[in-house]
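Q: Based on the hints, put chain B in the right spot on chain A.
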Amino acid sequence: EPEVTQTPSHQVTQMGQEVILHCVPISNHLYFYWYRQILGQKVEFLVSFYNNEISEKSEIFDDQFSVERPDGSNFTLKIRSTKLEDSAMYFCASSEQGSSYNEQFFGPGTRLTVL
Amino acid sequence: SQKIEQNSEALNIQEGKTATLTCNYTNYSPAYLQWYRQDPGRGPVFLLLIRENEKEKRKERLKVTFDTTLKQSLFHITASQPADSATYLCALARGATNKLIFGTGTLLAVQP
Chain A
244 EPEVTQTPSH
254 QVTQMGQEVI
264 LHCVPISNHL
274 YFYWYRQILG
284 QKVEFLVSFY
294 NNEISEKSEI
304 FDDQFSVERP
314 DGSNFTLKIR
324 STKLEDSAMY
334 FCASSEQGSS
344 YNEQFFGPGT
354 RLTVL
Chain B
126 SQKIEQNSEA
136 LNIQEGKTAT
146 LTCNYTNYSP
156 AYLQWYRQDP
166 GRGPVFLLLI
176 RENEKEKRKE
186 RLKVTFDTTL
196 KQSLFHITAS
206 QPADSATYLC
216 ALARGATNKL
226 IFGTGTLLAV
236 QP
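Protein chains in written order, with the numbering used here: chain A, 244 to 358; chain B, 126 to 237.
Here chain B stands alone, though its shape is the one from the complex:
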């Protein structure tokens, strides 16, 4: 079955640095991979989607890469701010209605 793995350990970085989060998947190779942000006690919020034929996608301070050979996506936040502190989830869509399969998420803590 499809597995998505993200760094389970929290990532602590200093404000202003670049945060890099990793998502690895097994088995099925998705045509699209999505990244969501989740704050404590809240629902996931969509951030970015990248297609398999896109090497890189950017949105403001966010950048996502997608390497279908390595079966890996990297999520970067440049010039990180304390407000970026949250759990970041990668997800891919499967099945007839494209239900989302989520990774466990990586908790990012940006220290001022």
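Only chain A is shown next, with the shape it has when bound in the complex:
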């Protein structure tokens, strides 16, 4: 069964460093998303991406964040200068269409630890 994959599973970085989180969505899906989950809190939307551009972003997704789909398969989230409060699980998700009745398929997540 096709699945969303994410690498690395765990990333440790120093405050102020740049990190890039990698995702490979399901191949025939058109909509891509990043969510994050701070330990003990709910899953929060960061950004959605369709047709090679950002479709929607939350207020969390400030100028320190960017997304890219550098080729036909990868979807990356970059944090330019990490802060302590960026420590969280980051989940990539994809869906076939962007309709409200379409389920989203989530990857296993990358645990980001900022020291």
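Fair warning: there could be bad hints in the mix.
As the list claims (entries may be wrong) - In the DSSO-like style, the derived pairs of lysine-lysine whose C-alpha atoms are separated by at most 30 Å in a straight line are:
| id | chain 1 | residue 1 | chain 2 | residue 2 |
| --- | --- | --- | --- | --- |
| 1 | B | K188 | B | K128 |
| 2 | B | K196 | B | K180 |
| 3 | B | K196 | B | K128 |
| 4 | A | K321 | B | K128 |
| 5 | A | K321 | A | K300 |
| 6 | A | K300 | B | K128 |
| 7 | B | K196 | B | K142 |
| 8 | A | K285 | A | K326 |
| 9 | A | K285 | B | K142 |
| 10 | B | K182 | B | K142 |
| 11 | B | K196 | B | K184 |
| 12 | B | K184 | B | K142 |
| 13 | B | K128 | B | K184 |
| 14 | A | K285 | B | K182 |
| 15 | A | K285 | A | K300 |
| 16 | B | K180 | B | K128 |
| 17 | B | K128 | A | K326 |
| 18 | A | K300 | A | K326 |
| 19 | A | K285 | B | K196 |
| 20 | A | K326 | B | K184 |
| 21 | B | K182 | B | K128 |
| 22 | B | K142 | B | K188 |
| 23 | B | K128 | A | K285 |
| 24 | B | K196 | A | K300 |
| 25 | A | K285 | A | K321 |
| 26 | A | K285 | B | K188 |
| 27 | A | K285 | B | K180 |
| 28 | B | K182 | B | K196 |
| 29 | B | K142 | B | K180 |
Treat the hints as calculated values from the structure; they're not laboratory data.
A: Below, chain B without anything else, positioned relative to chain A:
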């Protein structure tokens, strides 16, 4: 803004019993409501979706109801098993690309 509330306390039940989890939402009335399962350290996994004009939806041992008057969805697991122990999230889709807004989730623990 849209709020989704789920029982924040863990639900502990005996194996074989029916677990019932509650999801309440405010403001916007969604056309669809989704339920996901999340295991520790893992991403959410889709379980069921229910439309506003459906009173009830079933899938194997799972049942979801949707009451748009009460703004509430109930999620039932019948004949629960220890393997059902996880956090269950309700979510609704909003915005141009239907980003998911999640509740805080309810932790279910099924005791053998």
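Q: Please go over all the hints and tell whether each is borne out by the structure.
A: Hints, verified against the model:
1. B:K188 to B:K128: holds, 23 Å
2. B:K196 to B:K180: It holds: about 12 Å lies between the C-alpha atoms, which stays within 30 Å.
3. B:K196 to B:K128: Given that 30 Å is the threshold and the Cα spacing comes to 11 Å, the pair holds.
4. A:K321 to B:K128: holds, 29 Å
5. A:K321 to A:K300: holds, 14 Å
6. A:K300 to B:K128: holds, 18 Å
7. B:K196 to B:K142: holds, 26 Å
8. A:K285 to A:K326: holds, 20 Å
9. A:K285 to B:K142: With a Cα-Cα distance of about 27 Å, the restraint between K285 of chain A and K142 of chain B holds, given a limit of 30 Å.
10. B:K182 to B:K142: holds, 19 Å
11. B:K196 to B:K184: holds, 22 Å
12. B:K184 to B:K142: holds, 17 Å
13. B:K128 to B:K184: holds, 27 Å
14. A:K285 to B:K182: Given that 30 Å is the threshold and the Cα spacing comes to 25 Å, the pair holds.
15. A:K285 to A:K300: Distance of about 17 Å is within 30 Å: holds.
16. B:K180 to B:K128: Holds, at roughly 21 Å.
17. B:K128 to A:K326: holds, 27 Å
18. A:K300 to A:K326: Within the cut-off at roughly 19 Å; holds.
19. A:K285 to B:K196: Holds, at roughly 20 Å.
20. A:K326 to B:K184: Violated: K326 of chain A and K184 of chain B sit about 43 Å apart, past 30 Å.
21. B:K182 to B:K128: Holds: K182 of chain B and K128 of chain B sit about 23 Å apart, inside 30 Å.
22. B:K142 to B:K188: holds, 14 Å
23. B:K128 to A:K285: holds, 12 Å
24. B:K196 to A:K300: holds, 26 Å
25. A:K285 to A:K321: holds, 21 Å
26. A:K285 to B:K188: Between K285 of chain A and K188 of chain B the Cα gap is close to 23 Å, so the pair holds against 30 Å.
27. A:K285 to B:K180: This hinted pair holds, its Cα atoms lying about 27 Å apart.
28. B:K182 to B:K196: holds, 16 Å
29. B:K142 to B:K180: holds, 23 Å
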